[in-house]
Amino acid sequence: MIAPSGPRTDIPAQMIPNALIHEIIDGKPLYRKGYRDVLSKTKKIEDIMGSSSLQFFIIDFILRILYRNVDEDQYIIATNEAGLHLDRRNNIAGDILIFDKDVLTMDKINRHYSQVPPKVSIEIDLDIELEELTESSYISIKTKKLLEFGAEKVIWFLTEQKKVMIATKHTDWLMEDWDTNVEIMPGITCNLGGYLKEKGSEFA
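According to the working numbering, the residues represented by the sequence shown are 1 to 204, in order.
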């Protein structure tokens, strides 16, 4: 559970710009990593908004696999912190979301966060400032929320640990080394660790 206290800053939560809120879980705002630097005016908001070069390199790798293999007549691939509105107390963002067009029908595509679940959610690292949550508890809470919302699979790639976590609703969650083949969807796999080694990345 998220503790009821606010963020660790002298500035009241209501004075923190909405742009610094990355997600809301159980009614509690989770702030973007580096938000305190913005509040102390050592960085601007735009300085903390984007992904690291390692993150977007990984996202590019996964997206290219998906675009080559996913049936575009059946699925929509969303990225760029695609928003999900689970209920009035939960708004979360996804690095890569794969939607079934039978679920995300055209009449549900509008100017608001999606209110239907993705088939698959893929996350690369954490984009929040860990204050009242540990990394593992945040991953666990967000993953459970996604699965309860209706996602069939949630995949986390964690660059510091060089691990991948695969979660589905009715099976045990798996934590593997990321140089293994990971099934994103039936017949579609990726091996992130192997790809980084092939490209000569120091992070492999």
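It should be emphasised that the hints constitute simulated quantities derived from the structure, not laboratory data.
One or more hints might be untrue.
[To be verified] Each computed PhoX-like pair below joins lysine-lysine, with the alpha-carbon atoms no more than 25 Å apart:
#	residue 1	residue 2
1	K153	K169
2	K145	K33
3	K144	K163
4	K162	K145
5	K197	K163
6	K162	K108
7	K145	K169
8	K144	K162
9	K144	K101
10	K153	K119
11	K119	K101
12	K119	K169
13	K33	K43
14	K33	K169
15	K28	K43
16	K119	K163
17	K163	K108
Taking the numbered hints from earlier one at a time, note which ones the structure violates and give those numbers from smallest to largest. 6, 14 and 17
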